[in-house]
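Novice: Letter by letter, the chains look like this.
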Amino acid sequence: MTTLEINDLHVSVETEDGPKEILKGVTLTIKAGETHAIMGPNGSGKSTLAYSIAGHPKYTVTSGSVTLDGEDVLEMSVDERARAGLFLAMQYPVEVPGVSVSNFLRTAKTAIDGQAPKLRTWVKDVNAALEQLNLDPSFGTRSVNEGFSGGEKKRHEIAQLELLDPKVAVLDETDSGLDIDALKVVSEGVNRFRGREGKGVLLITHYTRILRYIEPTYVHVFVDGKVAESGGPELAEELEANGYDRFLKVNA
Amino acid sequence: MTITDSVRSALELDKVESHLHPHGSFDVAEHPVPTGREEIWRFTPLKRLKELHADAPLDGRNVALSTQVPEGATFEIVTGAEARELRGVSGWLPNVRFAARVMAEVPATLLLDVPRESEVTEPIVLDFDGTDPAVTSGGHVVLRFGAHSKAVVVLNHTGSAAVAAVCEVVVGDGADVTVVSIQDWADDAVHLSHQQARVGRDATYRHAAISFGGDVVRMDSNVTYDGPGGSAELLGLYFADAGQHIEHRIFADHTAPRTKSHAVYKGALQGEKAHTVWVGNVLIRKVAEGIETYEENRNLVLTDGCQADSIPNLEIETGEIEGAGHASATARFDDNQLFYLQSRGVSEAEAQRLVVHGFFNDLIRKVGVPSIEDRLLTTVEAELAKNVLKELPAEAGA
Chain A
1 MTTLEINDLH VSVETEDGPK EILKGVTLTI KAGETHAIMG PNGSGKSTLA YSIAGHPKYT
61 VTSGSVTLDG EDVLEMSVDE RARAGLFLAM QYPVEVPGVS VSNFLRTAKT AIDGQAPKLR
121 TWVKDVNAAL EQLNLDPSFG TRSVNEGFSG GEKKRHEIAQ LELLDPKVAV LDETDSGLDI
181 DALKVVSEGV NRFRGREGKG VLLITHYTRI LRYIEPTYVH VFVDGKVAES GGPELAEELE
241 ANGYDRFLKV NA
Chain E
1001 MTITDSVRSA LELDKVESHL HPHGSFDVAE HPVPTGREEI WRFTPLKRLK ELHADAPLDG
1061 RNVALSTQVP EGATFEIVTG AEARELRGVS GWLPNVRFAA RVMAEVPATL LLDVPRESEV
1121 TEPIVLDFDG TDPAVTSGGH VVLRFGAHSK AVVVLNHTGS AAVAAVCEVV VGDGADVTVV
1181 SIQDWADDAV HLSHQQARVG RDATYRHAAI SFGGDVVRMD SNVTYDGPGG SAELLGLYFA
1241 DAGQHIEHRI FADHTAPRTK SHAVYKGALQ GEKAHTVWVG NVLIRKVAEG IETYEENRNL
1301 VLTDGCQADS IPNLEIETGE IEGAGHASAT ARFDDNQLFY LQSRGVSEAE AQRLVVHGFF
1361 NDLIRKVGVP SIEDRLLTTV EAELAKNVLK ELPAEAGA
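Top line first, the protein sequences correspond to chains A and E. All residue numbers for the first sequence refer to our numbering, where the first residue is 1 and numbers rise by one. All residue numbers for the second sequence refer to our numbering, where the first residue is 1001 and numbers rise by one.
These are computed hints drawn from the structure, not numbers from a lab. Even for Gly, the Cβ is constructed at its ideal location relative to N, Cα and C. Do not rely on the hints blindly, as some may be mistaken.
As the list claims (entries may be wrong) - Here are a few chain A residues that face chain E, going by a calculated C-beta distance under 10 Å:
id	residue
1	Ser77
2	Leu86
3	Met90
4	Pro97
5	Phe104
6	Ala111
7	Ser176
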């Protein structure tokens, strides 16, 4: 059974004034079948957690551990992490000019599976995934993320999630900048993924809105680089009513 | 417009003084041997030119020519008075010594004619295969396209040679012409080339300079306009390896109103002392009202130890234009792009390969000649194999 275990994770970034600690001891365990929502104010380090799990070179892990089914994730390169079963849906997906979506998807699928997908079923799978996310089939010929609207970028991320089929998905503010229709389409995609056997989800968000469509198993309030409080879905409702003030005051 | 005004603007064509386009003349004596301090020579490693910039013999035999001339076009090699008449047929006066010497000393002219209204569907190919890098030679080529004709010409340079060449292109009114010059020389070749086009009224001219091989390749791709409404697309793709000097210069001289020029040059560099130069000159003369111009140069630096120089120059003598702009960027791999691709399981080398192919893809499509597109994709892949893909296991690179 899949388990992503984050233990006392400390992460720094380089700044002009030397290294600055962003994550100050994060401990979380995400098991198969669970969805963990991480909620927090701007600047609390939510995205740093996402990028650190995925291995972005900008972030330096100074102590702590991350394991996926007992394997040391921090020892792996970025692509090895993806092949081990981690997926990061990014808040700001990056443009790759001149590389078509279909070429990109096929290359990624080949890398993850260790072999090229069977052409006929693959084309069918891609078209189905695009269609379910309200993306036109001609989408495949466009350059990755180039000229995409904000909504298209996020839907494209979720199409990748469904096609690459990781063990654990980290969704970094996938809901930000989406109108309500796009939010529903994206949430349905995440729910289809969650419905598969043995999947874990770490859903990072600033707003409670998406949690009406994707019901979390656990909610964690993230403040100043660590988890300030954990609870069930009712914690999200409290945040909806009262905002982050209570946690920020404690912190101050 | 008064008579005085029209006289003034007619005179103006000759009056523009600029370091970008020094005074032209057929008289070799008016072109001293460059020292390397001149603005137009300051990037070029003169010592490696085998004296082609100075007084190297231009009568050597070091290139084997073969041609594919489909129906609708004629090709011949002319000499004597006939050849002399073709010198400067594009309206250009040589502004560098090697070009003046080619015009004065080279006995033969390779003449390709596509008569008016002839549409040649297959590419016309002139293959220049270098046979001896120790021998120097000069060449004069004229590509002449009649009014409303349509054709694609590929000038293909391979093998080892040291060549100074002038290619003059005359694009008739309303013609639609593509000239692709491929420099896929062996590592020891030296190539100084000036390709000058005169674009007729309402004509479309597309020039693509593609440079992969050679020790030193320096090419000028220039256009002037013979009447209003002409359009020029100047494309370039180059890939410099360790020690190579690849220099591309363009000059779009807007000599007529409502003309267009659009230049896109893209290059990649890899290896110690790989050096590329791009100089993009655009002159909008007083007469050239309502023109549009845009020029762009992008360089992707793949390894340490490379140098990419990129200099756009825009001289504007009338403000009555539709648009003028330029962009220039030289960068290494974008970490965020690589991270994005790697976060989808793609190895670093494979991610770099995707980014480089992506970088060149739209340009390769713009060249618009299918047989060339395949060849370019293969060549880009072969260049990548030298560095980026070196450590990539064979099955992943497939």
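Novice: Does each hint hold? Answer for all of them.
Specialist: Okay, the hints, checked on the actual structure:
Interface hint at serine 77 (chain A): satisfied, since its Cβ lies 7 Å from the closest Cβ of chain E, which is below the 10 Å cut-off. Proximity of leucine 86 (chain A) to chain E holds as hinted, the smallest CB-CB distance being about 8 Å (cut-off 10 Å). Given the 10 Å rule on beta carbons, the hint for methionine 90 (chain A) holds: about 7 Å separates it from the nearest Cβ of chain E. Interface hint status for proline 97 (chain A): upheld, as the beta-carbon distance to the closest one in chain E is roughly 5 Å, under 10 Å.
For the restraint placing phenylalanine 104 (chain A) at the interface with chain E, the shortest Cβ-Cβ distance is roughly 7 Å, inside the 10 Å limit, so the hint holds. The beta carbon of alanine 111 (chain A) is positioned within 10 Å of a beta carbon in chain E (closest approach about 4 Å), and the interface hint is therefore held. Nearest Cβ of chain E to the Cβ of serine 176 (chain A): about 18 Å, over the 10 Å cut. The hint is violated.
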